[in-house]
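J.: Each chain is listed here by its residues.
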Amino acid sequence: MGAIGVIRISGPDALRLASSIFSGKDLSEQPSHTIHFGRIVAEDGRLLDEVLVSLFRQPRSYTGEDVVEISCHGSPYILQEVLTLLLRKGARLANPGEFTLRAFLNGRMDLSQAEAVADLIASESAAAHAVAMQQMRGGFSKDIEHLRRQLVDFAALIELELDFGEEDVEFANREDLSALIRQIRTFIEDLLRSFRLGNAIKNGITTVIAGRPNAGKSTLLNALLKEERAIVSDVAGTTRDTIEEVLHVDGVAFRIVDTAGIRQTQDTIEAIGVAKTLEKVRQAVLLVYVFDVARTSPQMLREDLAALTRPESKLLVVANKMDLNPYTTYEHYANEYFSSEAWIPVSALNQMNIEYLKQKLLDTVLEGKVIAGSTVVANVRHYEALLKTNESLDAALQGIAQGLSGDLVAMDIRRALFFLGQITGKISSEDLLDSIFSRFCIGK
Amino acid sequence: MFPEYDVIVVGAGHAGCEAAVAAANLGCRVLLATMNMQTIAQMSCNPAMGGVAKGQIVREIDALGGYSGIVTDHTMVQFRMLNRSKGPAMWSPRAQSDRMLFARKWRQMLEAHPLIDFWQDMVNGIVVKDGRACGVRTGMGLEIPGKAVVLTNGTFLNGIIHIGEKQLGGGRAGESAARGITEQLVELGFEAGRMKTGTPPRLDGRTLNYSRMEVQPGDENPGRFSYTDTPRPQRQLPCYITYTNEAVHAVLRTGFDKSPMFTGRIQGLGPRYCPSIEDKIDRFADKDRHQIFVEPEGWDTCEIYVNGFSSSLPEEVQYKALRLIPGFEQARMFRPGYAIEYDYFPPVQLQLTLETRLVKNLFFAGQINGTTGYEEAACQGLMAGLNAALSVLDREPFILRRSDAYIGVLIDDLINKGTQEPYRMFTSRAEYRILLRQDNADLRLTPLAYRLGVQGTDARMERVRYKEQAAEAIEQFFRRTGVEPDHINAYLESLGSAPIRQKVKLHTILTRPYIGIAGLRQVLPGLDEFLRSQDEECIELAEINMKYEGYMLREQEMVEKMNRLEELRLRDDIDYYQLPSLSKEAREKLSRIKPRTIGQAGRISGVTPADVSVLLVHLGR
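Chains as they are written, first to last, in the working numbering: chain A, 1 to 444; chain B, 445 to 1065.
Extracted from the complex, chain A is given alone in its bound form (with noise of 0.2 Å):
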């Protein structure tokens, strides 16, 4: 509860029903976007509260609809009575998200800004809420947008030897097709790859933190999140069993997972445990392997990397209890599986280096972007658009290099043109046709 609260009506009655409650100017007779100092003023002439009321008219509202904000100071009683009064003049609570809906079904906004807001809300992170604002702006549909502008332009070229083949037509270069296409194919990847980003920074980044027994593992944990104490929450996992600890370092959360040690063994139920970190490490976008630089050997450490990395999640490589063996340094254990800018000598027990570890963590996770500023992807729906979309471009670029013709690669073509239509709206073949005439003289 901060230190102002909002209430918010929306609807056609939004106006009469503030007007009701309000002592003030006629709010029926303000201009749309304008705000008005005011009082509560309850049933019994008791006053309530002094507040701030923003007036906003269909259809330029958040909901589209008539919108008025009421802004009263933000003790959860004077909240309570404020609204208490509303809802006996007769209006009713808002369904969760139902604003959103509302919005949505009002057309002010799409169907991905609309699916922005609802992580908005969900956000728990900085992060997180960087990249909902950027795509409830509609930064996203505006790139895709692009893309798809692009495509239509290519696929007219197509059509046009297709449509009008027995004319004196130019025809589409191949070559220069498939190159576009690949430019377009990159940047979907591109996009893709955020996704895991995007719905790492959604959720939380799954990191776990994975090595051999006493190695330190649980101390550099509690190192991590000494300072964060105040904020760190025990979530219950939501498709785990598992309890992890949730860390945040610049706004960006990581969900951590502390696994058994890891280590062959005989043993059957800890061989039980080994193969439960495994399926951890699985899950993992980042990997921290932590090891004691006084008892492992340069040939255990490869050994452990081998089992554990893989080419899906990040690695970083703590060579733990550096203050027992300080002169310990990269080269010495150098192996294929890390390079230098992985490497990173801490102290856990004395909190030595820990920010350090943090930077990293951030820096490896962000690989130096700024959030706000790029597209990112954070819907499972998107996703699954995009990746259908270059399903599709692959197909079009092995027709192409097997000599295909246009028909066949045009299919191709409008199929990535209907699965990006999936996230920002349909394309339609008056498009095709528009961009056909705008460019080419045609027609006998």
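Derived from the structure by calculation, the hints contain no laboratory data. Don't take every hint at face value.
In silico DSSO-like cross-links for lysine-lysine, where the CA-CA straight-line distance does not exceed 30 Å [as the list claims (entries may be wrong)]:
(1) 388(A) x 861(B)
(2) 861(B) x 1028(B)
(3) 1005(B) x 388(A)
(4) 1028(B) x 388(A)
(5) 1038(B) x 573(B)
(6) 388(A) x 530(B)
Derived DEER-like restraints, expressed as beta-carbon distance ranges [claimed, not checked]:
(7) 1032(B) x 23(A): 36 to 46 Å
(8) 923(B) x 183(A): 34 to 44 Å
(9) 899(B) x 173(A): 46 to 56 Å
(10) 955(B) x 332(A): 51 to 61 Å
(11) 384(A) x 912(B): 32 to 42 Å
(12) 676(B) x 193(A): 52 to 62 Å
(13) 955(B) x 331(A): 35 to 45 Å
The beta-carbon is built from N, C-alpha and C at its ideal position, and this holds for glycine as well.
Fit chain B to the known structure of chain A by using the hints.
T.: Only chain B this time, still in chain A's reference frame:
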């Protein structure tokens, strides 16, 4: 004097003729009313049927029991399968016909039908009682009773011909316009508009120098349109190609100040894809030449159609410009090109059956709906004729979906999107063109016509069954029969295809790029022997099925995806104005068009994906 007809067809162009036949072949008694019995089935513009996308439509008409394909086959002077170098979905039959033979053959076929009567008179009004068409009124002051009326007025409704600054009332060169119908329909509440189209000059072939043009012969093995046993042409006439040049363009520009297109005298919208020559020069000033196709009008006439030179400039400007075109130096003109403006009724006022929403049992087909082209007109005539008959017989309507036929695409586009310019079919309008091919129109549509009981489809159905079975047998042969490396590797390598190491099924070889049955049978005697007993048509079908299987499956998948939305029915009595979350435009359009399904609703222009989601939410409640 007249019995009560089941169906009265007004107009005897491509749409009217097919409409009359379609209704009669469902057993209805039909009257074909035309202003002039001598001009039945005129090819008012170019003497050709088919072409890209249009050829597919003619095949579809034939598969449904229409006559356009048969008439064309009997009267062609040249046949070409266009787009042969592209995939099978693009192969498009096109024929040049003898204009006079074409009209004569149509009239013979109509006259041979015992259920079709004729009446020469101008229909100037529809008899409407209780919102239902029940006859027509004519210029002679007669009232002819009929249970359903199909209007196919072409360019005749208040037609105005423009040549330079001259304006002549008329529906076609030398023929008068039709009046009365537009006015009456507007009074009944119909919205009418104006459209424009044009036609090029006709030249005297005796004055042309063909040695200065490129010759364009017909195919060596000419195909045909009909799936029945129509004759193949024994000889063919060539067409020729020549080009305009800067000098031609300069002369044409001198007439711009007198062009009705540029002075604003023509109000109607013309098509972008069939522009007049002055339009091409104006809009694409950087192009220094335009292609001209020189097409014969028939076997024993010297009249020549100058395709690509449609114009409404003053006749002397046309004449001077033509003479600067290579081969036309001495050309004499039979008649100048002209532009024609005519009334049409925005087709969003129709249902999928082509019946009007306002008047029951009144159907529109052809240019009156804002389309252009013989093929587009003919297929609407066929569909309107069938549905008029089905309505009179109190039977279920006959509707083709977008995934069934180009005809389905055409009608669905018309009634949902309307059209801003004369609507012509393109393959790019069809979402599923790999499935909508010219070679399989019979497989797609003949069974539907057969089930409807269209007269004459029994024999066609036999052929369809035979074709399917034969193609299946050929496919089986390819899947069963293996081929040894020794027998095929030399051939594969000659085509740049990788040799095989061990025995491989013929089917696998065939699916490689650049490999076709024709080539394979030349090097594999066993295959050749098997195929010798098979029809070419069946071999072609089997080859397409095998070579393009992956593409067809993918497209079939899309069809099923889309058809799910097509199966979500929207009731006619939904009050869209009670759904405040719909956009204003969507509310108006949905109320007017009353889509049958969610899928159809989504194709209406102005209805956004968000509106569709709203409808889905509404349906879900």
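J.: Each hint should be assessed against the structure and marked as holding or not.
T.: Evaluated hints:
1. 388(A) x 861(B): holds (28 Å)
2. 861(B) x 1028(B): holds (17 Å)
3. 1005(B) x 388(A): holds (14 Å)
4. 1028(B) x 388(A): Status violated; Cα separation ~34 Å.
5. 1038(B) x 573(B): The given pair, whose Cα atoms are some 24 Å apart, holds under the 30 Å limit.
6. 388(A) x 530(B): Cα-Cα ~26 Å, so holds.
7. 1032(B) x 23(A): 36 to 46 Å: holds (42 Å)
8. 923(B) x 183(A): 34 to 44 Å: This hint holds: roughly 40 Å between Cβ atoms.
9. 899(B) x 173(A): 46 to 56 Å: Holds - the Cβ-Cβ distance for residue 899(B) and residue 173(A), about 51 Å, lies within 46 to 56 Å.
10. 955(B) x 332(A): 51 to 61 Å: holds (57 Å)
11. 384(A) x 912(B): 32 to 42 Å: Given about 37 Å between the Cβ atoms, the range holds.
12. 676(B) x 193(A): 52 to 62 Å: holds (59 Å)
13. 955(B) x 331(A): 35 to 45 Å: For residue 331(A) against residue 955(B), whose Cβ atoms are near 55 Å apart, the range 35 to 45 Å is violated.
When the structure is compared with the earlier hints, violations turn up for hints 4, 13 and for no others.
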